Amino acid sequence: AQSVSQHNHHVILSEAASLELGCNYSYGGTVNLFWYVQYPGQHLQLLLKYFSGDPLVKGIKGFEAEFIKSKFSFNLRKPSVQWSDTAEYFCAGGSSNTGKLIFGQGTTLQVKP
Amino acid sequence: DTAVSQTPKYLVTQMGNDKSIKCEQNLGHDTMYWYKQDSKKFLKIMFSYNNKELIINETVPNRFSPKSPDKAHLNLHINSLELGDSAVYFCASSQDTGGSGGYTFGSGTRLTVV
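For the record, the sequence lines run as chains A and B. Residues in the first sequence are numbered consecutively from 911, following our numbering. Residues in the second sequence are numbered consecutively from 95, following our numbering.
For the record, the hints were derived by calculation from the structure and aren't laboratory data. Warning: the hint list may mix true and false statements.
What the hints assert, rightly or not - Label pairs and their in silico Cβ distance ranges:
| id | chain 1 | residue 1 | chain 2 | residue 2 | range |
| --- | --- | --- | --- | --- | --- |
| 1 | A | E976 | B | H171 | 37 to 47 Å |
| 2 | B | G195 | A | K979 | 36 to 46 Å |
| 3 | A | E976 | B | V208 | 10 to 20 Å |
| 4 | B | E176 | A | G963 | 16 to 26 Å |
| 5 | A | G963 | B | F136 | 41 to 51 Å |
| 6 | A | G972 | B | N173 | 42 to 52 Å |
| 7 | A | S994 | B | I149 | 19 to 29 Å |
| 8 | B | H167 | A | T1018 | 42 to 52 Å |
Since the structure is predicted, the reported quantities are computational estimates derived from the model, not experimental observations. Heads up, the beta-carbon is just placed ideally off N, CA and C, and yes, glycines get one too.
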């Protein structure tokens, strides 16, 4: 069965700390992977996506993610977080065949000033 | 210009009522979706339409009926609302059923059933 799981449910960091949020997927066939961010009270915004090619993907706001096929992982990283990064982060996987986007449970990131 | 717009943004209604949420996209995308976000922030797909044709219909109660008059619109009608229907409903669109180019989400409709 297709699934996406995020290990960290709630992460608290101080400003300037480095961030890594885990994401693992279980898919048969080709999978497209995404990270979305949801700021409090707002809609989902795309941070970055991986379809093929270079497994290290650069996104907006200094975020990046690395696709490691052997580990079925697509972890999100940022070298130095800011208070404004406080938000909910969702990893998602989509099948090129069905277009169905499956979300992980989400990770709440709280950055302390 | 808002790419994916939903109305209303907030909806408070009593149990048993029937309500509709509208969604429109101006991106020229072929595929549209409805997602439900529960109180624990978990997002789950409900439906998807490709060029007015139903593609995905997850195990959603038949009180929920999507309608797509054209490929730029996907409305969600809910009959006999229940307390458990309270959630945030997000509309989304993608270029095609494969999700190429990613998915663009609307700002959400917060439905509260009292």
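Hints, verified against the model:
The hint said 37 to 47 Å for the Cβ distance between E976 (chain A) and H171 (chain B), and at roughly 42 Å that hint holds. Judged by the Cβ atoms, the range 36 to 46 Å given for G195 (chain B) and K979 (chain A) is violated: they are separated by roughly 22 Å. Look at E976 (chain A) against V208 (chain B): about 46 Å separates their beta carbons, and that is not inside 10 to 20 Å. At roughly 46 Å, the beta-carbon separation of E176 (chain B) and G963 (chain A) lies outside the given 16 to 26 Å, and the hint is violated.
For G963 (chain A) and F136 (chain B), the Cβ-Cβ distance of about 30 Å falls outside the hinted range of 41 to 51 Å, so the restraint is violated. At about 46 Å, the CB distance of G972 (chain A) to N173 (chain B) agrees with the hint of 42 to 52 Å. Between S994 (chain A) and I149 (chain B), the C-beta spacing of about 37 Å breaks the proposed range 19 to 29 Å. Distance hint check for H167 (chain B) and T1018 (chain A): the Cβ-Cβ separation is about 33 Å, which falls outside the suggested range of 42 to 52 Å.
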